[in-house]
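First to last, the sequence lines map onto chains S and H. 126 is the number of the first residue of the first sequence in our numbering; add one for each residue after it. 945 is the number of the first residue of the second sequence in our numbering; add one for each residue after it.
If you are wondering where the hints come from, they were derived from the structure by calculation, not from laboratory data. Possibly wrong hints are sitting among the right ones.
Here chain H is said to cover these stretches of chain S; the calculated rule only asks that three of the stretch's residues, wherever they fall, bring their Cβ under 8 Å from a Cβ of chain H [unchecked claim]: (1) 140-146; (2) 151-161; (3) 249-260; (4) 272-284.
Idealized CB from N, CA, C, for every residue including glycine.
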Amino acid sequence: MPVRDRGLWHHFDSLDHQADSNLLGMWVFLATELLVFGALFTGYSAYRWRYPAGFEAGSRHLNLLIGGVNTVVLLTSSLTMALAVRAASQGRQALLVRLLLATLFLGSAFLGLKAVEYRQDYLERLVPGLAFDRGAWQELHVNPNHVQLFLIFYYVMTGIHALHLTIGIGVLGILTLKASRGHFTPQYSAPVEMWGLYWHFVDIIWLFLLPLLYLVSTRTSFY
Amino acid sequence: MTTLTTPYRPQAKVTETTAENYLNVAYGVKSWLLTTDHKRIGLLYLMSVTVMFFVGGVAATLIRLNLLTPHGQLVTADTYNKLFSAHGIVMVFFFLVPVVPTVLGNFMLPLMIGARDLAFPRLNLASWYIYLVGAFLMLLVLFSGGVDTGWTFYTPFSSKASHTNVLPAVTAIVIAGFSSIFTGLNFVVTVHRLRAPGLTWFRLPLFVWSLYSTSIIMLLATPVLAMLFVLLAIERLWGVGIFDPALDGDPLLFQHLFWFYSHPAVYIMILPGMGIVSEILPCFSRKNIFGYQFIAFSSISIAVIGFLVWGHHMFVAGESVYAALVFSLLSYLVAVPSAIKVFNWTATLYKGSVSFQTPMLFALGFIGLFTIGGLTGLMLAALGLNIHVHDTYFIVAHFHFIMVGGMVMGYMAGLHYWWPKMTGKMYSEWWARLSALIIFVGFILTFMPQFILGYLGMPRRYHVYPAEFQVLNVLSTAGASILGVGYLLPFAYLIASLFGRTRSGPNPWAATGLEWQTPSPPPPQNFLVTPHVTCGPYEYALSSEGDHASS
Chain S
126 MPVRDRGLWH HFDSLDHQAD SNLLGMWVFL ATELLVFGAL FTGYSAYRWR YPAGFEAGSR
186 HLNLLIGGVN TVVLLTSSLT MALAVRAASQ GRQALLVRLL LATLFLGSAF LGLKAVEYRQ
246 DYLERLVPGL AFDRGAWQEL HVNPNHVQLF LIFYYVMTGI HALHLTIGIG VLGILTLKAS
306 RGHFTPQYSA PVEMWGLYWH FVDIIWLFLL PLLYLVSTRT SFY
Chain H
945 MTTLTTPYRP QAKVTETTAE NYLNVAYGVK SWLLTTDHKR IGLLYLMSVT VMFFVGGVAA
1005 TLIRLNLLTP HGQLVTADTY NKLFSAHGIV MVFFFLVPVV PTVLGNFMLP LMIGARDLAF
1065 PRLNLASWYI YLVGAFLMLL VLFSGGVDTG WTFYTPFSSK ASHTNVLPAV TAIVIAGFSS
1125 IFTGLNFVVT VHRLRAPGLT WFRLPLFVWS LYSTSIIMLL ATPVLAMLFV LLAIERLWGV
1185 GIFDPALDGD PLLFQHLFWF YSHPAVYIMI LPGMGIVSEI LPCFSRKNIF GYQFIAFSSI
1245 SIAVIGFLVW GHHMFVAGES VYAALVFSLL SYLVAVPSAI KVFNWTATLY KGSVSFQTPM
1305 LFALGFIGLF TIGGLTGLML AALGLNIHVH DTYFIVAHFH FIMVGGMVMG YMAGLHYWWP
1365 KMTGKMYSEW WARLSALIIF VGFILTFMPQ FILGYLGMPR RYHVYPAEFQ VLNVLSTAGA
1425 SILGVGYLLP FAYLIASLFG RTRSGPNPWA ATGLEWQTPS PPPPQNFLVT PHVTCGPYEY
1485 ALSSEGDHAS S
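Same shape as in the complex, but just chain S:
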């Protein structure tokens, strides 16, 4: 038996072969993930098409400022993640750790802002089943059932998105620890690249959520 590279499983021929397979695995997993959100997009579209007025009214009550800032935060985190992948493949350890930390920080900032937004939604009685004011919507001549449907999809879609981001942050935490111990080399940087793909995917999903949830109505104000 020839000497095996560190981190190489017995059933792969080489680290390249293994890295290549890991990346394909992540792509296939992302195809699954696409259908996770696909089911929700389908449900959203069915009701959005049927109840446009209720969806517009609900959308107008979301906080576009936080949604917008969060978009910038998340896009920036994708940039730092992409740079981290590059740093890993170049073997620049210190830079890799710093970029991973930056990505972690930006992802957490997104979740923090999202939490603030959820709290505000709750205070504005925008949570069906927990805090929801049917009368107020009737006064606005909007069917509260339709607004409820919009809000349910808003919480499920952003909630599942936030769950994905939380998992991503957890994994990045582990990667950062490993990177700080010099675990990744130019020959063995596939985990960083793999989870980079995942991170970008979660980012892209948000780019679809933003217009569907925050921008479906024509607005006059940002609040």
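The hints should help you fit chain H onto chain S, whose structure is shown.
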């Protein structure tokens, strides 16, 4: 060539007891529970799905016993609802969907493509644990009062009316779904990246093609079911109206999303069986498969078209007439690739040197029963006839012909075909043939009367029925008891074979696949020398004339 026509040659004199194989390489509970060897994980799955099969089987037995008399004297209506729900949920989500991919697929796929393991061994083990968590939760649900919604969980019954364990049940199914997804992911990457040198796509065994197609469905359909159940849980927990018409929700949306998973799931349940049959027929006809590429691509096209036919479950649910027309047409289309397979299998047998060992008996049973199930499926795809027999025993008989007559027969065929490879032991051929015969007869007697019952108008899911249906119901129950004996027999003689002395040798069927070129049971690394592939998978003595596809 005469020796090749009788492939079964038990090699009792071979004494390789000292050779290292995946079973004797390590002992102890830990070496099994923490293994990453796909062969051991396959056996772990074999034990778990067998347990679930018997749980689902007990529920089926009680259902059939209750239906012996028109007044349903065995159980109450409520208990009956819980029994058919338990039977459906356990059999679909915890037996039929995982069984062939996780047991035979897990074990054979790397061997058949000359790989040392699946691409992600730890993910493979994780998927078994995830399956276990789902299965335990499901058993807990069943033994703590059960669930009465049927395996379909239709709203608004499941969201508002039912007072049973709906939430834990759907949670268990979602958990088991993740195990499917991880298995599918593992298979896709393995087929793409770990084929032996020289093993091109068109030299792949057809079982591998069918597992690949199955994996695609698992990957793309399962997440939709998971999200659907998340929405259902939210509706049930917070009383909001996602699928509730009283709150402007749409129950049809539930059915659309449900069948977007559950119809393709039918193909998760049948495609691997088709793959097994495509392995066995050439071996026991001593002849190359007829129309290799057609069979390979028909698997892929079943996977693709299978995603477009879900609406045929909703012809009477209130979908638009135009949607119904399109779904009806597409349902006819999906029959084409299935028919292509049946014709090619038949042509493979033609002028073959056919022998009737146990795997072949099960495989031939598969073809016959699947054909009946498929043809009645065409009847159901016709809009008018569908309305006549909707929600009757005709439907029940139809899908049992596909799932039990098809998939379980296919699974038994595969289990008997590869058992000597998995264990190194040969079972009693006499008992095995007897069990194949009993299962076939019992199956026909159980489900043929149900076609007639359904056509006469007996609805499904009732625990009582009009007295004039009793004779056919008694016939069906009698058949079920024969079928039960048929399923218990393999349990006995397969386990007995483990303690027997009949060693199978590496290639008891004189088959051509890569998996037969390594010792039985295989060594931990699968192959002592990495195989180099230079020809197609079915280079038997007789060629299929006019078929150049596998070259």
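Q | Claimed coverage, the stretch 249-260 of chain S by chain H - three or more beta carbons nearer than 8 Å | A | holds (count 3)
How about the stretch 272-284 of chain S: do at least three of its residues have a C-beta closer than 8 Å to a C-beta of chain H? holds (count 4)
TODO: Closer than 8 Å, Cβ to Cβ, for at least three residues: run that test on the stretch 151-161 of chain S against chain H and report holds or violated.
DONE: holds (count 7)
Next on the checklist: Taking beta carbons only, do three or more residues of the stretch 140-146 of chain S come closer than 8 Å to chain H?
Outcome noted: Coverage by chain H holds for the stretch 140-146 of chain S (3 residues, Cβ < 8 Å).
Comparing the model with each earlier hint shows no violations; every hint is respected.
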